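When you get a sec, could you build the whole thing from the sequences and use the hints?
So the protein sequences, as listed, match chains A and D. Read left to right, the first sequence gives residues 1 to 140 (the working numbering). Read left to right, the second sequence gives residues 1 to 140 (the working numbering).
Treat the hints loosely; a few may be bogus.
Note that the list lumps identical chains together, so a pair holds whenever it fits in one copy or between two copies.
As the list claims (entries may be wrong) - Here are the simulated lysine-lysine pairs, PhoX-like style, with alpha carbons at most 25 Å apart:
#	residue 1	residue 2
1	K125	K89
2	K63	K105
3	K116	K88
4	K91	K10
5	K2	K91
6	K10	K35
7	K89	K116
8	K23	K89
9	K10	K105
10	K2	K37
11	K105	K91
12	K10	K23
Think of the hints as simulated: they come from the structure by calculation, not from any bench. Since we're looking at a predicted model, the values are computed, not measured.
Next come the chains, spelled out residue by residue.
Protein chains: 2
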Amino acid sequence: MKHSVKTSWKQDMVFESDLDGHKLIMDAPEAAGGKNKGPRPKPLMLASLAGCTGMDVVGMLRKMRVDIRGFNIDIEAEVTDEAPKHYKKIKIIYEFSGDDLPMDKLEKAVGLSREKYCGVSYIYKQVIDMDYEIRIRNQE
Amino acid sequence: MKHSVKTSWKQDMVFESDLDGHKLIMDAPEAAGGKNKGPRPKPLMLASLAGCTGMDVVGMLRKMRVDIRGFNIDIEAEVTDEAPKHYKKIKIIYEFSGDDLPMDKLEKAVGLSREKYCGVSYIYKQVIDMDYEIRIRNQE
Chain A
1 MKHSVKTSWK QDMVFESDLD GHKLIMDAPE AAGGKNKGPR PKPLMLASLA
51 GCTGMDVVGM LRKMRVDIRG FNIDIEAEVT DEAPKHYKKI KIIYEFSGDD
101 LPMDKLEKAV GLSREKYCGV SYIYKQVIDM DYEIRIRNQE
Chain D
1 MKHSVKTSWK QDMVFESDLD GHKLIMDAPE AAGGKNKGPR PKPLMLASLA
51 GCTGMDVVGM LRKMRVDIRG FNIDIEAEVT DEAPKHYKKI KIIYEFSGDD
101 LPMDKLEKAV GLSREKYCGV SYIYKQVIDM DYEIRIRNQE
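As structure tokens, this is what we get:
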């Protein structure tokens, strides 16, 4: 199977990608010569990771009949000071809310995504120091 | 320096990331239990790569006083059949248009991005077989 993404330069630092018909504008922030018309390219690596592992986890929890009410994925990544400026460390916080959530099943779903299913994690973890945490948010 | 991306699950396979204030919806295609409300997560790895190397190249060509009229980046990636389904091979085509473009300068700018500046390429090329080509589009 192949994935294709076509990207065209619009002006200045603005680029537009076509992702299976979905348009995505990228731009540099003002400090880097752009006009901040869209996200910077590098953090899209983190959105890709969040979506990949998130969809795995939602799918597995559904199969395990674990009923979650909310689910957030917060990613923080450390960037090197020297070029090529890249992510050297990524921390992912998986935060769930719901009634009486079973931590063992949450851990199992997250672990299977990280170790077996998520093809984005698979690439990053060979180069980047990856760490994670699972939290259950207390109901207010 | 740190980059943070917060992502929240909306419903079904729909996730929304906040990238420095820019919202990005991701979804699975219908064949994978989604409703195709946004791009799939994995190809965002390719948009990230295109934007990263594209901004490098535009910035360097400007410094070299090379005046391009158009610039497209087409990326094709082969996905493995087995889980974790990941990109095993990526081909990038850099296509430029403009008057009397100097191929040596285009090659230099692309090469510097790939070898020295692009922090997205830096990660991927350690795991994925990466190949590229530079084309100058003939004027019609």
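Hint by hint, here is what the structure shows:
1. K125 x K89: both (9 Å within a copy, 17 Å between copies)
2. K63 x K105: Close inside one copy (11 Å), not across copies (54 Å); limit 25 Å.
3. K116 x K88: both (22 Å within a copy, 16 Å between copies)
4. K91 x K10: between (33 Å within a copy, 22 Å between copies)
5. K2 x K91: Answer is between; shortest inter-copy Cα gap is 11 Å, intra-copy 29 Å.
6. K10 x K35: For K10 and K35, only the intra-copy Cα distance (12 Å) is at most 25 Å; the inter-copy one is 29 Å.
7. K89 x K116: both (20 Å within a copy, 20 Å between copies)
8. K23 x K89: Classified as between: cross-chain Cα gap 24 Å, same-chain 29 Å, threshold 25 Å.
9. K10 x K105: Between copies only: 21 Å across, 46 Å inside.
10. K2 x K37: between (29 Å within a copy, 21 Å between copies)
11. K105 x K91: within (21 Å within a copy, 39 Å between copies)
12. K10 x K23: both (13 Å within a copy, 20 Å between copies)
In the structure shown, no violation is registered for any of the earlier numbered hints.
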